[in-house]
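Student: In case you want the letters, here they are:
There are 2 protein chains.
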Amino acid sequence: MAILALDIGATKFAAGVVDAAGAVTAVRRAPVPVRGVWDVCRELLVSVADGAAVSAIGIGSAGPVDEPAGITKPLNIPEWRDGFPIVAAVRELFPGAAVRFAMDGACLALAEQHSGALHGVRNALAMTVSSGIGGGIIVDGRVSLGRTGNAGHIGHIVVPGWDVRCACGGVGCVEAVASGMSSARWAREQGWPGETGAELARAARAGDPIAVSALARAGTALGQAISSAAALLDIDTVVIGGGFAHSGEPLWGPLRVAVDRHAGLGFLRGLRVELSRLDEGATLVGAAVLACSDTDPFATATSGFPEE
Amino acid sequence: MAILALDIGATKFAAGVVDAAGAVTAVRRAPVPVRGVWDVCRELLVSVADGAAVSAIGIGSAGPVDEPAGITKPLNIPEWRDGFPIVAAVRELFPGAAVRFAMDGACLALAEQHSGALHGVRNALAMTVSSGIGGGIIVDGRVSLGRTGNAGHIGHIVVPGWDVRCACGGVGCVEAVASGMSSARWAREQGWPGETGAELARAARAGDPIAVSALARAGTALGQAISSAAALLDIDTVVIGGGFAHSGEPLWGPLRVAVDRHAGLGFLRGLRVELSRLDEGATLVGAAVLACSDTDPFATATSGFPEE
Chain A
-5 MAILALDIGA TKFAAGVVDA AGAVTAVRRA PVPVRGVWDV CRELLVSVAD GAAVSAIGIG
55 SAGPVDEPAG ITKPLNIPEW RDGFPIVAAV RELFPGAAVR FAMDGACLAL AEQHSGALHG
115 VRNALAMTVS SGIGGGIIVD GRVSLGRTGN AGHIGHIVVP GWDVRCACGG VGCVEAVASG
175 MSSARWAREQ GWPGETGAEL ARAARAGDPI AVSALARAGT ALGQAISSAA ALLDIDTVVI
235 GGGFAHSGEP LWGPLRVAVD RHAGLGFLRG LRVELSRLDE GATLVGAAVL ACSDTDPFAT
295 ATSGFPEE
Chain B
-5 MAILALDIGA TKFAAGVVDA AGAVTAVRRA PVPVRGVWDV CRELLVSVAD GAAVSAIGIG
55 SAGPVDEPAG ITKPLNIPEW RDGFPIVAAV RELFPGAAVR FAMDGACLAL AEQHSGALHG
115 VRNALAMTVS SGIGGGIIVD GRVSLGRTGN AGHIGHIVVP GWDVRCACGG VGCVEAVASG
175 MSSARWAREQ GWPGETGAEL ARAARAGDPI AVSALARAGT ALGQAISSAA ALLDIDTVVI
235 GGGFAHSGEP LWGPLRVAVD RHAGLGFLRG LRVELSRLDE GATLVGAAVL ACSDTDPFAT
295 ATSGFPEE
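Protein sequences appear in the order of chains A and B.
Heads up, the first sequence is in the working numbering, so the first residue is -5 and it goes up one at a time.
Heads up, the second sequence is in the working numbering, so the first residue is -5 and it goes up one at a time.
Reference excerpt, derived from the structure (chain A facing chain B, CB under 8 angstroms, subset only):
#: 1; residue: Pro58
#: 2; residue: Asn117
#: 3; residue: Asp134
#: 4; residue: Ala145
#: 5; residue: Gly146
#: 6; residue: His147
#: 7; residue: Ile148
#: 8; residue: Val153
#: 9; residue: Pro154
#: 10; residue: Gly155
#: 11; residue: Gly166
#: 12; residue: Ser221
#: 13; residue: Leu227
#: 14; residue: Asp228
#: 15; residue: Asp230
#: 16; residue: Gly258
If you're looking for bench data, these hints aren't it; they were derived computationally from the structure.
Just so you know, even glycine gets a beta-carbon here, dropped at the ideal spot from N, CA and C.
Turn these sequences into a full structure, and let the hints steer you where they fit.
Tutor: Here is the structure:
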């Protein structure tokens, strides 16, 4: 019997087999196509399962999701944007398997809690900063789901000073200002000739003034969003992964300045903001944690005062 | 045996006796003095206890707090700002009493959950908008404490467009922009001759253009902070109490426009933002809930995945 983990990203799928130690092995990837998205996903899962019976599968998906309904609605996968019943589809593919499903940000927080910087941290934020910005929150010791499985949408905190339209329909979201894609777009508007967030980071490290400004703009907005989240949640640790987070001091310098400037409350002094030690497979690790947990890792207490 | 409830506000204390039905009766109030703050608080408690033995007392305090240490550090009570050991002091006053202590915002959320708009709501934000801005959050069914008891500090979410210094040491906090006191200060800077947030609201309803602008500015900032919190927490209900929240359409119109403009994600459609039905005694009601709960109303689950 095999246990699988699946990561549904905005641009690619990743899937693997969870071994006895909880590690994800035999990982395969496939780009998300414009049409026939489920066909590609199904073939990837079938090839990873490699004929074995599947007892459990954990799925982390780009958000938003409708977790209680088992439906994913990723903003950046047009064919699925209005909703795809991922849990039902996977159940049909692997009858009898326990299917567990969460937003990628919640999986990221599970992964950081399980084997990263958030191990044992009871109040924290895990973020990814790459082409988009997402995350998951740990509140009083547990990864929070929120009402529909979408808690942790740090990318859609409103930040000061910019009035940029966001793909979510809102205005001024930190994702629309500070993601790799948004930063590269802003730099191009200022005359920078490159294309990607990774190129932008290289250009900034080489001293290109537009690139330096773009990363300062992104770092400042990230620091402001982090300060807001930290005040609301009373956390002491923020861990950031994702490709664009690896842009170095041109991003992290202004980010730290913004956190110092905005996180003024006494209980936020010493707020740790650090780069994740997990690699791009972090969501997959979280999906594996989800697949392997005997009980629902998100389950809410039934003892105590609430819901009398 | 009497059960007491105490509300430590920025400008006044309130204390009462919790009756068998959980209601707070025989409420007495006292202004917070510049010096001798504990003396006034102690006298109030002694007079409310009225000679009865005290079995339990619930305390809600203006924040920040150091909840695990039983210390309150209210930003707006200078004598206590660096920390007053309220739990130890109350224990000495009423030996043998169970002393339970939380930030006022957490008490507010408990009160709304117990007898207000948040009854049965599993993911929500309770706010107070008066001379300051505070709140408490309900995450996956429970009022959250955060690391030090300060979860719910919505007043220190950073909002766009203003660069105002905040009493917390930060810059651009929604409290520095949108509280009654901050709004009145801004209006005076524009030439408005009045003094208080209540006067400002009356002037706006009478059509004074500076007052109308001041309330629009406040409502917009509140709507932005609410949108940020809603995206991060995945909540469906926000309830707002406090004197300045009763400013009517000049505040609520721009607030709703800002929520519509910024809360773009699908899972936030239909986000309810409403005026609290509880009056200024809400924190005291929450402190009573705290005093009466057999188990810790904030206690975290011990089953499930976290903290392995």
